[in-house]
Amino acid sequence: MDFTSLIDNLGSHTVDGLTKGAIYALVALGYTLVYGVLRLINFAHSEVFMVGTWTVFGVYAVFNATAASGVGTVILATSVALIAATLASAGTALAVERIAYRPLRKKNAPPLIFLITAIGCSLVLVELFGHVFRQFFGPPFGRALVSIPTLIDTKVLFTVGGVSITNIQLIVIFGAVLMMVLLDLFVNYSRLGRGVRAVAQDPDTAALMGVNQDRVIMLVFVLGGAMAGVAAMLYTLRYDITKFDIGFLIGVKAFTAAVLGGIGNLRGALVGGLLLGVVEVYSSTLFSSNWEDVTAFVVLIAVLMFRPTGILGESLGKARA
Amino acid sequence: MLLQLEDVVLTYGKIEALHGLSLEVAEGEVVALIGANGAGKTSTMRAISGIRGLSSGRIVFDGVDITKRRADQRMRKGLCLVPEGRGVFPGMSVRENLDMGAYTRRDKAAVAKDFERVFDLFPRLSERRKQTAGTLSGGEQQMLAIGRALMSRPKLLLLDEPSMGLAPMLIQQIFTIIAEIAHQGTTILVVEQNAQQALSRADRAYVLETGQIVKTGPGQELLKDPSIREAYLGVA
Ligand SMILES: Nc1ncnc2c1ncn2[C@@H]1O[C@H](COP(=O)(O)OP(=O)(O)OP(=O)(O)O)[C@@H](O)[C@H]1O
Ligand SMILES: [Mg+2]
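Chains A and B, in that order, give the protein sequences.
Using the working numbering, read the first sequence as starting at 37 and increasing by one per residue.
Using the working numbering, read the second sequence as starting at 771 and increasing by one per residue.
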């Protein structure tokens, strides 16, 4: 137990945690959106994130962008990577919905079938990058860790109250919060967003009001996927790596964050994600980094014991039976 | 005919709820559908609105065969159901629920006018615009559900037991409003347990028994029919 280290650097550990948590929160939105509308845990969402990180890697390779590249190349490569990762992740999420889930819905498959299918999709995508692509294209596909060039060096931007904030931390937190605010505005104040909430609250009545359910479902997968794509971009800026199974642990954590905040609740994803990130960093300082995952789940169980619907409860599908 | 059902069969798994039901509604009419619990009234409404597909039979609306259309497509053609138990969106405000009624409409100016019309019909909703629908009283929710349907400017308004669970005073009020909506030119098909009210106000009525139409005629005529008086009006 290293209390002094935690207390002495509480500010910087907190910022560290918030950076980590912001990424969890962005990924958590995908789980929460899909769950709110379909009552389905989309286990393939972790791979939607994974595809985003590989896309960033691919774009950097195309632009020949490395740590040594000039400012122009860096700006171009990161901008294109952000857009490409967003599109690739959204596209992957949409493909999973169209190829796997929609046919099951049309056949009125029971929930367990959806669950198995979701896990299946996740495995297919993991093995695509971990095995199939390697057979066709060779490395860097495969099971090894892949490093992504550091285009933006970590620099301390400013110091407040003894806490130094780096450029990367600022980009990650600001980017994630911006995306969440935009999504929140869209869902709560636009016509299409109202359609999403209507389907979440009462799908039959939503149809009676002229809402095309399939379109709302597609929209929700695309939105969640896009958020995971942005998360992937931010993640690669922060950690400079990808791997065929990189989605697994982040997916589990993001899902935990969603449940922690109240699954189906967009703002809950933010609260859950940030809280989880901070708790993890605190605990790895207090004990050791081996404890970080354990602590995350202890917190989850503790919160659910007192608030079974999560910190903020459900909101998208409020009062749905 | 605005609406025609021909030999409609509707099933839930192995249970057949409607066994070849046929009925018609002409433009401008107020038609009532009465029947005991479990007779298949809600099932008929589900069939017409498209919430549930048919096993066989045909539904024609406004000259178009809509049998294979989805519920949202039927709604866009001018058919709007106020479902049994109201079905307001509990997490949305009164205003947002009404917005949902106008979900498919692009004519902003006309929508704004219809808001005024709905608030004229239901002043109580006007006072509660910002209130969450889930916290409204049962009667207010019923008003909201009807108001929301009106926001879509339906050619045919389907009402499934609008008086359910309401106090007698409020039932009177709801029926007066329905008459007013009809007077303003909307065709109405209304399902009711409250046969007295429904029959006395409807142009025509159908009597449904275990998934089949057993009687039809002008409302006033059925009101005098001894077998109906006995079965549905509690008069021997
Ligand atoms: N979702 C369902 N699954 C299985 N059976 C159903 C379902 N809905 C209705 N039924 C059955 O179909 C028959 C007709 O039901 P329906 O709801 O249409 O009756 P109703 O006339 O509306 O009755 P009420 O006056 O009680 O509302 C009943 O026997 C009912 O048990
Ligand atoms: Mg009924």
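No lab work stands behind these hints, which were simulated from the structure alone.
It should be emphasised that the depicted structure is a prediction, and the values quoted were computed from it without experimental measurement.
Hints may contain errors.
[To be verified] Label-pair restraints from in silico Cβ distances:
id, chain 1, residue 1, chain 2, residue 2, range
1, B, 887, A, 139, 51 to 57 Å
2, B, 865, A, 188, 21 to 27 Å
3, A, 343, B, 938, 23 to 29 Å
4, B, 796, A, 349, 45 to 51 Å
5, A, 139, B, 900, 40 to 46 Å
6, A, 139, B, 796, 37 to 43 Å
7, B, 792, A, 146, 56 to 62 Å
8, B, 840, A, 337, 51 to 57 Å
[As the list claims (entries may be wrong)] Straight-line Cα separation of at most 25 Å, DMTMM-like style, residue types lysine to aspartate or glutamate; simulated pairs:
id, chain 1, residue 1, chain 2, residue 2
9, B, 847, B, 973
10, B, 838, A, 276
11, B, 838, A, 240
12, A, 143, B, 973
13, B, 878, B, 890
14, A, 142, B, 973
[As the list claims (entries may be wrong)] Partial list, computed: chain A residues near chain B (C-beta under 8 Å):
id, residue
15, 246
16, 247
17, 325
18, 329
19, 338
Here a beta-carbon is modelled for each residue, glycine too, at the ideal position from N, C-alpha and C.
Taking the hints in turn, this is what the structure says about them:
1. 887/B with 139/A: 51 to 57 Å: Roughly 43 Å apart at Cβ, these two residues miss the hinted range, so it is violated.
2. 865/B with 188/A: 21 to 27 Å: This hint is violated: roughly 45 Å between Cβ atoms.
3. 343/A with 938/B: 23 to 29 Å: Check failed, 43 Å falls outside 23 to 29 Å.
4. 796/B with 349/A: 45 to 51 Å: holds (49 Å)
5. 139/A with 900/B: 40 to 46 Å: holds (42 Å)
6. 139/A with 796/B: 37 to 43 Å: holds (41 Å)
7. 792/B with 146/A: 56 to 62 Å: Distance hint for residue 792/B, residue 146/A is violated at roughly 35 Å.
8. 840/B with 337/A: 51 to 57 Å: violated (43 Å)
9. 847/B with 973/B: holds (24 Å)
10. 838/B with 276/A: violated (52 Å)
11. 838/B with 240/A: holds (17 Å)
12. 143/A with 973/B: Distance ~41 Å between residue 143/A and residue 973/B Cα, so the pair is violated.
13. 878/B with 890/B: Distance of about 19 Å is within 25 Å: holds.
14. 142/A with 973/B: violated (40 Å)
15. 246: With a minimum Cβ separation of about 4 Å from chain B (threshold 8 Å), the hint on residue 246/A holds.
16. 247: Check passed: Cβ of residue 247/A comes within 6 Å of chain B, closer than 8 Å.
17. 325: violated (41 Å)
18. 329: violated (34 Å)
19. 338: Interface hint status for residue 338/A: violated (28 Å vs cutoff 8 Å).
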